[in-house]
Amino acid sequence: MLLCSASEAICFFMGALTPMPAVRTFALTSGVAVTFDFLLQVSAFVALLSLDGRRQEASRPDVCCCVGAPDLPAPRQGEGLLLRFFRRVYAPLLLHRVTRVVVVLVFLALFGAGLYCMGRISVGLDQELALPKDSYLLDYFFSLNRYFEVGAPVYFVTTGGFNFSSAEGMNSICSSAGCDSSSLSQKIQYATEFPEQSYLAIPASSWVDDFIDWLTPASCCRIYAFGPNKDEFCPSTVSSLACLKNCVGFTAGPVRPSAEQFHQYLPWFLSDPPNVRCPKGGLGAYSTSVDLGPDGQVLASRFMAYHTPLRDSHDYTEALRATWALAANITADLRKVPGTDPTFEVFPYTVTNVFYEQYLTLLPEGLATLGLCLLPTFVICCLLLGMDLRSGLLNLFSILMILVDTVGFMALWGISYNAVSLINLVTAVGISVEFVSHITRSFAVSTKPTRLERAKEATISMGSAVFAGVAMTNVPGILVLGLAKAQLIQIFFFRLNLVITLLGLLHGLVFLPVVLSYLGPDVNPSLVLEQKLEEEVAVARTASYSEHSSPARPADCVYVNHGFEHPAKSVGGLDDSLPHSAQGS
Numbered sequence: 001m002l003l004c005s006a007s008e009a010i011c012f013f014m015g016a017l018t019p020m021p022a023v024r025t026f027a028l029t030s031g032v033a034v035t036f037d038f039l040l041q042v043s044a045f046v047a048l049l050s051l052d053g054r055r056q057e058a059s060r061p062d063v064c065c066c067v068g069a070p071d072l073p074a075p076r077q078g079e080g081l082l083l084r085f086f087r088r089v090y091a092p093l094l095l096h097r098v099t100r101v102v103v104v105l106v107f108l109a110l111f112g113a114g115l116y117c118m119g120r121i122s123v124g125l126d127q128e129l130a131l132p133k134d135s136y137l138l139d140y141f142f143s144l145n146r147y148f149e150v151g152a153p154v155y156f157v158t159t160g161g162f163n164f165s166s167a168e169g170m171n172s173i174c175s176s177a178g179c180d181s182s183s184l185s186q187k188i189q190y191a192t193e194f195p196e197q198s199y200l201a202i203p204a205s206s207w208v209d210d211f212i213d214w215l216t217p218a219s220c221c222r223i224y225a226f227g228p229n230k231d232e233f234c235p236s237t238v239s240s241l242a243c244l245k246n247c248v249g250f251t252a253g254p255v256r257p258s259a260e261q262f263h264q265y266l267p268w269f270l271s272d273p274p275n276v277r278c279p280k281g282g283l284g285a286y287s288t289s290v291d292l293g294p295d296g297q298v299l300a301s302r303f304m305a306y307h308t309p310l311r312d313s314h315d316y317t318e319a320l321r322a323t324w325a326l327a328a329n330i331t332a333d334l335r336k337v338p339g340t341d342p343t344f345e346v347f348p349y350t351v352t353n354v355f356y357e358q359y360l361t362l363l364p365e366g367l368a369t370l371g372l373c374l375l376p377t378f379v380i381c382c383l384l385l386g387m388d389l390r391s392g393l394l395n396l397f398s399i400l401m402i403l404v405d406t407v408g409f410m411a412l413w414g415i416s417y418n419a420v421s422l423i424n425l426v427t428a429v430g431i432s433v434e435f436v437s438h439i440t441r442s443f444a445v446s447t448k449p450t451r452l453e454r455a456k457e458a459t460i461s462m463g464s465a466v467f468a469g470v471a472m473t474n475v476p477g478i479l480v481l482g483l484a485k486a487q488l489i490q491i492f493f494f495r496l497n498l499v500i501t502l503l504g505l506l507h508g509l510v511f512l513p514v515v516l517s518y519l520g521p522d523v524n525p526s527l528v529l530e531q532k533l534e535e536e537v538a539v540a541r542t543a544s545y546s547e548h549s550s551p552a553r554p555a556d557c558v559y560v561n562h563g564f565e566h567p568a569k570s571v572g573g574l575d576d577s578l579p580h581s582a583q584g585s
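Residue 487 in the UniProt record's numbering sits at position 487 of the sequence shown; the count goes up by one each step and never skips.
Any given hint might turn out to be false.
What the hints assert, rightly or not - Okay, derived cross-link-like pairs now, DSSO-like style, lysine-lysine, Cα gap no bigger than 30 Å in a straight line:
#1 Lys485 <-> Lys448
#2 Lys245 <-> Lys230
#3 Lys448 <-> Lys133
#4 Lys230 <-> Lys280
Keep in mind that the hints were calculated from the coordinates and are not lab data.
Make a model of the complete structure from these sequences and hints.
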């Protein structure tokens with residue numbers, strides 16, 4: 001119990017080192033729960049069990065324990081049906097010479113198949129899985145994925161530190177005449193020509209381009225030439241002879257306002273409503289796309305494009321990865337513009353990025369988390385078994401095989417890898433400790449002369465306990481989850497936990513005893529010596545009792561060991577290795 005509880009608790013606490021909040025919260029909660037469970041079992045449970053033993057000895061009923069009952073005959077002593085099955089049928093069949101070879105080959109093939117399937121597992125969590133099977137929203141998502149020709153909008157956001165008011169700054173952003181071929185808008189437009197790689201369908205709408213068009217002479221931007229509003233902005237809806245002055249003069253080349261004009265006219269552009277006379281007004285399209293400081297500097301802005309239709313988690317994740325790469329390329333070029341702050345950055349934002357961004361780093365973080373969980377299982381097993389490295393390695397390898405096979409079955413059964421799956425895999429490490437550590441410890445403390453006999457003894461003594469105490473307590477609760485209507489529960493809790501339990505049972509009761517019979521640690525000489533000394537003490541006490549007892553017939557002086565159903569037998573082949581003082585007379 002100490003071995004399993006310590007391994008599980010430290011496993012969960014180590015898993016809490018992950019930066020993922022969901023996994024960290026689950027790991028901390030599970031670690032505290034396992035710790036308190038162990039403390040209660042070695043304290044309160046033992047006390048309650050002793051009180052219940054008194055009740056049974058007094059022949060009192062379990063519900064109304066204060067009421068006396070007539071004395072009942074003592075129950076018959078004997079092994080149960082499950083233990084008899086393991087002793088007579090299962091252990092001899094499993095550890096047969098032919099069966100052991102078949103078991104090793106089958107489990108190694110299963111391990112190889114699991115490694116192959118690990119590379120084919122899908123990463124993500126589709127939004128349809130969070131709904132019941134009969135939800136009307138499933139039809140909505142189906143129609144959305146089937147008929148829509150464009151996806152969600154994506155914004156390329158610029159941070160502060162870029163000089164939009166300079167000619168170089170405007171040319172590196174816009175896409176109209178006179179703009180750079182590698183400007184922000186041009187690069188986004190180039191990306192839309194390769195939608196399979198960029199996941200972009202429509203180029204970005206640029207407020208810089210529309211602002212320049214709005215400034216074009218004989219267009220939208222006009223100023224009162226005289227009157228009470230002289231030198232102020234004249235909206236395009238106003239028909240007045242006073243509004244004959246253009247914001248900028250006629251020029252042969254592309255229109256580029258000066259820095260002073262940029263800071264003066266940009267607020268007018270953002271507040272000008274579009275209409276028939278001036279469709280380039282920025283009130284509807286860009287009023288929330290530009291954040292201006294008190295001095296008119298652009299603190300932040302955004303350029304809106306559209307994704308291609310994104311239908312599953314893979315599409316959303318790859319679209320996020322592609323837009324991040326495009327934004328990084330744009331950032332590198334814009335930082336070369338004179339006057340740009342070195343910390344200036346362009347980053348993409350979509351409403352779904354908050355959810356799907358986790359999948360960019362979920363795989364390495366998941367491997368690191370599982371590695372942190374596996375480490376304490378090896379260390380604790382080695383320490384509590386007397387620095388037995390071989391037992392610790394076999395224990396660790398069995399748990400690793402369970403994890404790999406579980407991920408392989410996830411790929412075959414359509415269970416994607418996500419934060420929910422990772423939580424279940426962390427749980428799988430703790431459950432696997434229960435399946436394998438009991439068998440490993442029973443083998444390590446056995447004093448049988450050969451590995452095969454010790455593996456058989458461990459299978460018989462602990463196999464029934466693992467089957468009834470670990471597997472059969474998990475399976476009924478898991479089967480109930482199969483009745484749930486929510487697909488999330490059916491897939492990630494019913495299917496996945498059923499796979500973990502069955503694989504843990506197979507590796508703990510089939511694979512591990514066979515491997516121990518081949519590669520298990522040697523018998524511990526100190527345990528053999530301790531058993532020899534106990535036998536000598538028992539023999540000495542028997543002789544002393546016979547000498548001091550009253551004279552009796554020879555037949556009455558036979559000592560019968562009533563305390564042990566199967567008295568300990570000497571281990572052949574090890575007497576010569578013990579000191580003479582520890583050998584029988």
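For this session: Please work out if lysine 485 and lysine 448 have their alpha carbons no farther apart than 30 Å.
Result: violated (52 Å)
Exercise. Quick one, are lysine 230 and lysine 280 close enough, alpha carbons at most 30 Å?
Worked result: holds (23 Å)
For this session: Given the hint that lysine 448 pairs with lysine 133, test it: the Cα-Cα distance must not exceed 30 Å.
Result: violated (56 Å)
Exercise. Taking 30 Å as the top limit, are the C-alpha atoms of lysine 245 and lysine 230 close enough?
Worked result: holds (10 Å)
Hint compliance for this structure: hints 1 and 3 are broken, all remaining hints hold.
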